[in-house]
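Engineer: Starting from the structure of chain A, add chain B where the hints point.
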Amino acid sequence: MKNDISLTKLSFINIKKHSFRSLGLITMTAILSLFLFGGSVLLLSLDKGLESMSTRLGADIMVVPIGYDKEAEGVLLRGEPSYFYFDKSVETKLAKVDGVDKVTSQFFLTSSNQDCCSVPVQFIGFDPNTDFVVQPWIRENYSGRITENSIIIGNDILYDESGIMKFFDKEYEVAAVLDETGTGFDTDVYADIVTVKSLFEAAKEKGFGFTDDIDFENSISSVLIKISDGYDIDTVVHNIRMNIDGVQIIKGQTMTAEIADNLNGFRIFLLVLLLLTGIFSIVVLILTFSLSVNERRREFGILRSIGSTRGMVVSVVIKEAVIIGISGGIIGIVFSSLILFPFNTYIGDSVKLPYLLPNSWVIIVVIILTLILSAVIPPIIASCFAVKISRSEIYLTMRDND
Amino acid sequence: MLIEVNHLTREYRRGKNNVQAVDNIHFTADKGDFVIIKGESGSGKSTFLSMLAGLLHPTSGSVFIIGKNIYELSDKELSCFRNSHIGYIPQGHELLSELTVYENVVLPQRLYRKTYSDINDNADKLLKKLKIGELRNSYPCELSGGERKRAAIARAIVNYPDVILADEPTNDLDGNNTAIVLEAFSEIAKSGTVVIMITHDDHISSYGSRIMTMENGKLV
Numbered sequence: 075m076k077n078d079i080s081l082t083k084l085s086f087i088n089i090k091k092h093s094f095r096s097l098g099l100i101t102m103t104a105i106l107s108l109f110l111f112g113g114s115v116l117l118l119s120l121d122k123g124l125e126s127m128s129t130r131l132g133a134d135i136m137v138v139p140i141g142y143d144k145e146a147e148g149v150l151l152r153g154e155p156s157y158f159y160f161d162k163s164v165e166t167k168l169a170k171v172d173g174v175d176k177v178t179s180q181f182f183l184t185s186s187n188q189d190c191c192s193v194p195v196q197f198i199g200f201d202p203n204t205d206f207v208v209q210p211w212i213r214e215n216y217s218g219r220i221t222e223n224s225i226i227i228g229n230d231i232l233y234d235e236s237g238i239m240k241f242f243d244k245e246y247e248v249a250a251v252l253d254e255t256g257t258g259f260d261t262d263v264y265a266d267i268v269t270v271k272s273l274f275e276a277a278k279e280k281g282f283g284f285t286d287d288i289d290f291e292n293s294i295s296s297v298l299i300k301i302s303d304g305y306d307i308d309t310v311v312h313n314i315r316m317n318i319d320g321v322q323i324i325k326g327q328t329m330t331a332e333i334a335d336n337l338n339g340f341r342i343f344l345l346v347l348l349l350l351t352g353i354f355s356i357v358v359l360i361l362t363f364s365l366s367v368n369e370r371r372r373e374f375g376i377l378r379s380i381g382s383t384r385g386m387v388v389s390v391v392i393k394e395a396v397i398i399g400i401s402g403g404i405i406g407i408v409f410s411s412l413i414l415f416p417f418n419t420y421i422g423d424s425v426k427l428p429y430l431l432p433n434s435w436v437i438i439v440v441i442i443l444t445l446i447l448s449a450v451i452p453p454i455i456a457s458c459f460a461v462k463i464s465r466s467e468i469y470l471t472m473r474d475n476d
Numbered sequence: 019m020l021i022e023v024n025h026l027t028r029e030y031r032r033g034k035n036n037v038q039a040v041d042n043i044h045f046t047a048d049k050g051d052f053v054i055i056k057g058e059s060g061s062g063k064s065t066f067l068s069m070l071a072g073l074l075h076p077t078s079g080s081v082f083i084i085g086k087n088i089y090e091l092s093d094k095e096l097s098c099f100r101n102s103h104i105g106y107i108p109q110g111h112e113l114l115s116e117l118t119v120y121e122n123v124v125l126p127q128r129l130y131r132k133t134y135s136d137i138n139d140n141a142d143k144l145l146k147k148l149k150i151g152e153l154r155n156s157y158p159c160e161l162s163g164g165e166r167k168r169a170a171i172a173r174a175i176v177n178y179p180d181v182i183l184a185d186e187p188t189n190d191l192d193g194n195n196t197a198i199v200l201e202a203f204s205e206i207a208k209s210g211t212v213v214i215m216i217t218h219d220d221h222i223s224s225y226g227s228r229i230m231t232m233e234n235g236k237l238v
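Top line first, the protein sequences correspond to chains A and B. Per our numbering, the first sequence starts with residue 75, numbered consecutively. Per our numbering, the second sequence starts with residue 19, numbered consecutively.
FYI, nobody ran anything at the bench for these hints, they're computed from the structure. Glycine residues also receive a C-beta, built at the ideal position from the N, C-alpha and C atoms. Treat the hints loosely; a few may be bogus.
To be verified - Only pairs whose alpha carbons sit at most 25 Å apart, straight line, appear in this in silico PhoX-like list of lysine-lysine:
no. : chain 1 : residue 1 : chain 2 : residue 2
1   : B       : K94       : A       : K83
2   : B       : K94       : A       : K393
3   : B       : K94       : B       : K236
4   : A       : K144      : A       : K122
5   : A       : K462      : B       : K49
6   : A       : K83       : B       : K143
Said to hold, decoys possible - Derived Cβ-Cβ restraints for the label pairs, each shown as a range:
no. : chain 1 : residue 1 : chain 2 : residue 2 : range
7   : B       : R31       : A       : N368      : 20 to 30 Å
8   : B       : K236      : A       : S364      : 36 to 46 Å
9   : A       : I454      : B       : G33       : 34 to 44 Å
In isolation and in its complexed conformation, chain B is listed as follows:
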């Protein structure tokens, strides 16, 4: 299995009470899976996804990606692992506003590759593929919501990761843009990458190879 999640739990303290945002989840995914996780706001979807991305330490449990327990890695190792194997698309403002679209997309490549020749400069190809090639020198504030989302997708896949994790990428997008984003994910999944996307939109389930629902921190 490319992803294996065991007994994953995350507790929050809310006032005097402990809240189980993610409650003892077992989950697996393999190459080519396009998993859509649905659920209402507050069901724990984003918390679960961020733990898969190595962005939030679980209270208990483990996350294995390509056989590595990511929470047993040091910060340096986990950061490098995330850079190479995980593409994460956050919710909301996902790009660095000071950089152009192109600079945003190539930044993950530049973090660990010491020389320019080490870099497989596929950013322009990806931008063209996602139909935002002409916007390479634009700044995020000059883009529409759909264009920003596609730029974030290009950044997430620029290092050819094994896993793409997208936190509500179709939120606030119109039908046309939603379709473009979902088709892009379908294509990425077909190339062998695991795509896990969370949404609270019931109408986009048809794109996923597996549809799951989260309720009160549990995956059903």
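Just chain A, with the same shape it has in the complex:
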């Protein structure tokens, strides 16, 4: 078949021959697709981060020493190493407060960035006998018993193949790695209270000052509370305040609500940005297609004069627009992916909100939807102008460009 030609081939030839015009249209579609895909993945990542954080918090109320609420939030949300203690008797007192169903305490400790430690991390020691928060999600990744000197690490902590990590010159076995959460939980190390005691004593032996004046047996960093059925959080908080002094009360839902508020602000900003980019791209596409289709009136007239139907002429324009749309869509998604995935951690750190990429299937669905929109918007715009021109008298259409 020598030099065969068809209306479909004509669409490809038009794109190739008018490369500057085509490149402009592809660029606009790529920008639209870049923001559409990038914005959607960003929003979904923030939603998943918040959902994962809410699940992991697990307690209705967290009680910490007075003045340490920000540090506690920093440990949980951003993985900022910190330690603070109050007397263990607070746990017993809290257990007796009206409306409190379960209590469990945790002990916070930080490692060092010196040679004695593999990495600087936040340790969270829990009591296996009373814990109702940490163990349920440890069980999702580790079904065995957590033995002495074994640790469970967050998803962002790096360790070597031996599965051994060194803290204060003592070796600890990595029993399991937790799923990613996009929060500070990913940089925490969890261990039962016996292992944490061994860490504490090792730190003391190495002469780390933060262990001075701390009586490990009688100190805890936080108490996590689950309220009884039929009580609301505010009532239990009030009861705690009436019975116990010198503590800071953090409501789990408040922490999530504050993040959700911040997330909403960020979401609105992103949506407005998406909307403005969408409007801008569509306006530019409308103007470009309008100019492009109008300057081709004579070409359409010639096609009609040799026997093309209205539908054939419109189909030439639609095919071109679909090719442009899909090309722009793919380019936009590729560029967006080159920013989103390699710089995932950096983006998560920059937004200062729980940030967790959605799973692969969700991303594939977003890619498909973005491609569909990119492939559909340009043809819709182009066909509006092409249909209008195809309805004009052919003779007048041919003369319009003269």
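Structural biologist: Okay, now just chain B, sitting in the frame of chain A:
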């Protein structure tokens, strides 16, 4: 009669006034006619020709080609009819600039023939006959005015139409090229095709079998 035109009228609105570009024309042509319609600019020649080609709806009147009232056909039917029975050569830039000469010429064949085997690939023969065979892979911008015109003629006759309608095909051509184009039309007409050509050049009348003049929308 191969072509029969009855009471053909086309009005334009110019400002507040109606202008009769084509005024109640009766016209017939039969196989082998080479009709040359002369007239000054604005006399309505191109409007009349475009109505014969089914490219411009008349205000009133009818155009019958091989017994079919072409303005009673749907867009699909008229387009298909135009593709098979009418070869139209427009004035000015008549070729698609993105396609080669060969692609321009074969495009009308490709519109309705679904498979390559359905196509009578006579494009190369026509190009050779019109002395532009060596230009088959050239683009319109690489051709002279006469070569472009001949390529447009090849495209118009590639489907062996019953009617060839040429809108000022010798405009801007030198004497030699004008002669080549007119001889080509004479030969096509001799094969039984009706050729209707409009011009404002008084010196080319000798080629036509019928010479007509248009004045103020009327054919005299």
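Engineer: Hint by hint, note whether the structure agrees.
Structural biologist: We went through each hint and held it up to the structure:
1. Annotation: proposed proximity of B:K94 to A:K83 holds, straight-line Cα distance about 22 Å (limit 25 Å).
2. Distance check on the hinted pair: B:K94 and A:K393 sit about 20 Å apart at the alpha-carbon level, within 25 Å; holds.
3. Distance restraint check for B:K94 and B:K236: the Cα-Cα separation of roughly 31 Å exceeds the 25 Å cut-off, and the hinted pair is therefore not satisfied.
4. With a C-alpha separation of about 23 Å, the suggested pair A:K144 and A:K122 falls inside the 25 Å cut-off, and the hint holds.
5. Under the criterion of a C-alpha separation no larger than 25 Å, the hint pairing A:K462 with B:K49 is inconsistent with the structure, at around 37 Å.
6. A threshold of 25 Å between alpha carbons decides the hint, and for A:K83 with B:K143 the separation of about 23 Å falls inside it, so the pair holds.
7. The hint said 20 to 30 Å for the Cβ distance between B:R31 and A:N368, and at roughly 22 Å that hint holds.
8. Checking the proposed 36 to 46 Å range against B:K236 and A:S364 shows it holds: the Cβ atoms sit about 40 Å from each other.
9. The beta-carbon spacing between A:I454 and B:G33, approximately 37 Å, falls within the hinted interval of 34 to 44 Å.
When the structure is compared with the earlier hints, violations turn up for hints 3, 5 and for no others.
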